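A.B. asks: Listed below are the residues making up each chain.
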Amino acid sequence: MARSKKPFLQKQKLLLAGAALLVVIGGAAFLGLAPLRQFSGLAAFPVEGYLEGNGLFSQEDFLINGTVENVLLRSGGGNRFLVSIRPGDTGQLLPVLVESGKKPIQREQRLVMKVHVAANGGIVCTDYDIR
Amino acid sequence: MRKRFPGSVVIFLPLLVLLRAVLAMDPDLPPASGMPAAIQNQPIVVSTFESVEMERLRLAEENVKAERDEIDFQKQVATLQKKLAEASATTVLPESIPSDYRSFLSANAGHIERGEAYYAELKSVLNALVPDSPYKTRSVEDSSNARQASEKLLKLSSYPEDDDICRSIRGHISSLAGGRVDDHRRQLELGRELRDFNVERKRLEWNLKMAYNVNALTGETGTQDERNFLRQQIEDVKKEIARVEDENNSLSHRVTAEVRKLQFQQFIVELAIQQRYIHALIACGFYRNSFKGADLALSKEAYPGGRGGNGPEAAPESPQPPTGGVPAEIPVISTITGMEVFLLNRIRDSVKDRESIDNMLRENQVAAAESLVRKMILTAKYQPELQTIPYASRQKILQGGQSMRRLADAVNARDYAEIQRLVAELKSQGADTGLSDLKVFASEHPRKAMHWARQAELAMKAGDLKSMHSLMEMAVGRAPLDPDVAQKIEDIQKNAVGDQGLLEELKRLVAAGDYRAAFDRMNEFAPLAQGANSDPKLKNDYEALLEREKNLRASLEKSDSLERRGAAPEAWLELEILPDPIANDPRVLERKNRLAGQCPGFVGAHTKAVGHERANRPAKALAWYLNALAESPGNEAITAKIQTLGGNLLEN
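The listed protein sequences derive, respectively, from chains C and F.
If you're matching positions, the first sequence starts at 1 in my numbering and goes up one per residue.
If you're matching positions, the second sequence starts at 1 in my numbering and goes up one per residue.
FYI, nobody ran anything at the bench for these hints, they're computed from the structure.
Here the structure is a predicted model, which is why all the values come from computation and not from measurement.
Do not rely on the hints blindly, as some may be mistaken.
Using 20 Å as the maximum straight-line C-alpha spacing, the simulated EDC-like pairs for lysine to aspartate or glutamate come out as follows [unchecked claim]:
#1 F:Lys550 - F:Asp514
#2 F:Lys608 - C:Glu52
#3 F:Lys608 - C:Glu48
#4 F:Lys608 - F:Glu576
#5 C:Lys102 - C:Glu69
#6 F:Lys608 - F:Glu636
Here chain C stands alone, though its shape is the one from the complex (with noise of 0.2 Å):
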């Protein structure tokens, strides 16, 4: 007797869906870790470093992935903000000027940092995106 066709049609649908999902898991991912990737290259910031040594920083840059804790001050245009972030999984909280607010920060969002030490000692933040 003749074979039925159907079970082959449906491992293509299988195949096919399949295919479908790890391109939706990709492009997930590649969308996901796309600011991560724009500051690929920079050292995490070093925050017990930061908090408990008494020298300055370099002008280096790093890297700060966080969460806005509070925003704490504004200048008087709107584009300049004091925020306070706690790094990764650290529970210490820093101060980071953000020097140009192209996007609304807000309370508990997650951002990946682009900072460097200034000469005063506070941590700038000269680029950033929120994750």
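Following the hints, put chain F in place on chain C, whose structure we already have.
C.D. replies: Relative to chain C, chain F alone:
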């Protein structure tokens, strides 16, 4: 059940509210642990320097008041002394009391009894002689009996109370009658002496005459010295003769009747002046018996230089005043009747006074009786009514006077307890002197003295030593014998001595900056520091110490309150921000350690933040303040710090 429930709520809910209100009002009950205390810097009620200054001003006013009161007190004492002196002669100094008054009051009973006998005799003489005698009852014969009276006078001479007055009366009566018996004897003696002196004079004159002739035997004349000697002897004899003749002429029976009358009347007046009224009246009686129906009717012979009357009928109708050398018309002098009236009145007054004295003593009116006795001693000293006052009555007057004297002494000595006792004693005896003012005096001034003593104590505590001494002096002067005041003054003096040591301790304490002791012993030190006007630095330093402790206590209290609310970081921070001297106080450190155990993260973050801030690392300080705020969300002090530091960072 459902219907009764709302009713129960309506009844018990207000009761519960009321109970809670009562519990909240009771200061002895501890505050409910569940009720948070108000967070505020509660004022601590202490005696400030302003209040001490007010106290000093008040004390100055008290001082002025005390001085004014002292003047009033002196016036009051003077008034009381005057009153007491008026109430009794014995209140004045013993030296100024007449000795006869004192001896009168202290006369012993035997003398008084003898005096009574003497005066009884004297009255009988008067009764025998004077029909109008106040001592004579009308039932007795009213004719005078001079002989009987004269005989009784002899008996009276034997009494010491008589002072030989009766003998003198008898002598004057003899003189009045025309000479005494002993005058004749003396006249014979004088005549004999006169003859002898004359014979002697003739002999000497013969010898002087013969001294000029030649002696037949010797053929010589007498020397000049012999003649002078004889002349001197003759002069001496002549003087003796003149003396004898003068004495002979002065004998009473040789003077005129008028002169004898005058002399006798003078004697009567002398007796009246001596207040011997009965004797004077007796003398008047004898006078009248000597010259029946006559007054002193002087004849012109009584006045060798003029003329007198010869009885009442001889009185000139219109006497002319004396002019130039022409003798004036002498009026008839009628003194005996007037004198008798005077004497009788004095005697009657004495009788009345004596009756009054007896009545007063019977009614315990001692002061009035004493006053009357004093009057009698001045005006009727030798009256039997006075001299026969019984011993018991005199002693009663004396004791009454002595009570007044003791009262006056107690007023002088400000012995108020003694005044109270004497007033009570006199009152119980029913004394007639008003004593209410003395009672008020004795109760008012110990109270005032104690008031000044208390003010002195306050002055000492306020450090006003000048006022203290002045008020103490005032208190002691007001009640020197009051034991309570004395004890109070002693306590003040002891404390004042202790204040010197306290001042040294205050200086040591200020130098050491011991603000806690300065506050704890503020009641002791604040007046001293305020009183140390010569050392304003000490005062300022002490004030600073007090402020320091007050701030510390306020912070501790606030910290406690925050801790009770569970705000340990705020409680720790309240103590952390204290300024330096008190930040290291053991009480603060102990609490801070305890609180740090409750919030170590906050304490660590804050400590580091402060460290970075002090090291001029504002960004790191801000970072640590953020971490501190995370430990103590909403902490205003930390928030403010973050605002400040963040603002600076944002602007730069």
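A.B. asks: Next, verify each hint and record whether it holds.
C.D. replies: Status of each hint after checking the structure:
1. Annotation: proposed proximity of F:Lys550 to F:Asp514 holds, straight-line Cα distance about 13 Å (limit 20 Å).
2. Distance restraint check for F:Lys608 and C:Glu52: the Cα-Cα separation of roughly 9 Å lies within the 20 Å cut-off, and the hinted pair is therefore satisfied.
3. Simply put, F:Lys608 and C:Glu48 have alpha-carbon atoms about 13 Å apart, close enough for the 20 Å limit, and the pair holds.
4. In summary, the hint linking F:Lys608 to F:Glu576 is supported, as the alpha carbons are separated by about 13 Å, within the 20 Å threshold.
5. Only pairs whose Cα atoms come within 20 Å are accepted, and C:Lys102 paired with C:Glu69 is accepted, the gap being roughly 19 Å.
6. A distance of roughly 18 Å separates the Cα atoms of F:Lys608 and F:Glu636; the hinted pair therefore holds under the 20 Å criterion.
Hint violations for this structure: none, all hints satisfied.
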